[in-house]
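Under the working numbering, think of the first position of the sequence shown as 1, with each following residue one higher.
In case anyone wonders, no lab produced these hints; they're calculated from the structure. Where is the CB? At the ideal position from N, CA and C, for every residue including glycine. Take the hints with a grain of salt, since some may be wrong.
[Stated by the list, open to error] With beta-carbon atoms standing in for the labels, derived distance ranges:
(1) Ser8 x Ser42: 43 to 49 Å
(2) Glu28 x Lys191: 44 to 50 Å
(3) Lys137 x Pro25: 37 to 43 Å
(4) Pro25 x Gly71: 22 to 28 Å
(5) Ser190 x Val35: 28 to 34 Å
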Amino acid sequence: MLETKLRSLESLGRTKEKFADFLDPLVESCLPESVLRAWERSRVSEDNDNSKSQRSLEKLMCFIRHEVESGEMISLARDGFGKNNRVVKRNNNEVIVADIPDVATTAMLVSTNASHDGIPKERNLAQRETDAKDIDKLHVLNSQLEDKFSRLDEIQNEISSLLLEENTAEYETDFEAAENYRDRYLELKSKVATFLNKNSRCVSECSSKTNAEN
Numbered sequence: 001m002l003e004t005k006l007r008s009l010e011s012l013g014r015t016k017e018k019f020a021d022f023l024d025p026l027v028e029s030c031l032p033e034s035v036l037r038a039w040e041r042s043r044v045s046e047d048n049d050n051s052k053s054q055r056s057l058e059k060l061m062c063f064i065r066h067e068v069e070s071g072e073m074i075s076l077a078r079d080g081f082g083k084n085n086r087v088v089k090r091n092n093n094e095v096i097v098a099d100i101p102d103v104a105t106t107a108m109l110v111s112t113n114a115s116h117d118g119i120p121k122e123r124n125l126a127q128r129e130t131d132a133k134d135i136d137k138l139h140v141l142n143s144q145l146e147d148k149f150s151r152l153d154e155i156q157n158e159i160s161s162l163l164l165e166e167n168t169a170e171y172e173t174d175f176e177a178a179e180n181y182r183d184r185y186l187e188l189k190s191k192v193a194t195f196l197n198k199n200s201r202c203v204s205e206c207s208s209k210t211n212a213e214n
């Protein structure tokens with residue numbers, strides 16, 4: 001949103017080069033106190049760099065972009081993709097909000113790395129059956145992620161086509177949002193696949209060990 005406003009100002013002739021001294025404090029005044037403090041610490045740590053003004057608007061926007069992305073990744077790690085996560089599409093000036101259905105998060109993944117040494121055979125067998133069910137659930141989750149990833153790919157391609165036709169800031173913002181969601185789903189899908197491979201081997205080894213003990 002902030003970048004869109006700045007582009008709108010540029011279209012009116014208020015470019016970053018000419019109005020940086022005015023835009024820098026204006027943008028800073030819009031930041032939350034915690035972000036502003038982090039920005040000040042960042043500027044102090046780069047005092048040796050005199051090639052550009054430390055209050056360069058480009059540096060400030062880059063810092064804000066990084067803070068936003070970091071916050072999104074933290075939110076993703078804690079909550080996953082909830083009901084409020086949406087991707088916006090535009091078609092003939094009609095705004096379409098595409099809900100991304102809930103998917104399980106890494107917080108739901110059950111660790112199966114615990115050692116079975118010293119555990120009674122009955123409990124060991126029950127644990128192995130539970131682990132096998134968890135792995136089955138993960139396979140279903142992986143399949144769901146494949147479907148959601150495919151849908152996000154289609155949305156991104158559609159917005160990309162509209163961006164080429166219209167070349168507006170709104171479509172560019174939508175494309176970036178779709179790309180971010182696509183990247184996050186890809187990252188989550190990769191984590192689930194890695195977890196699946198690791199724990200499938202663990203369940204297989206535990207199963208072989210239990211069978212040998214029996």
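The hints, checked one at a time:
1. Ser8 x Ser42: 43 to 49 Å: Because 27 Å falls outside the window, the suggested range is violated.
2. Glu28 x Lys191: 44 to 50 Å: With Cβ atoms ~36 Å apart, the hint is violated.
3. Lys137 x Pro25: 37 to 43 Å: For Pro25 against Lys137, whose Cβ atoms are near 52 Å apart, the range 37 to 43 Å is violated.
4. Pro25 x Gly71: 22 to 28 Å: holds, 23 Å
5. Ser190 x Val35: 28 to 34 Å: At roughly 29 Å between Cβ atoms, Val35 and Ser190 fall inside 28 to 34 Å, so the hint holds.
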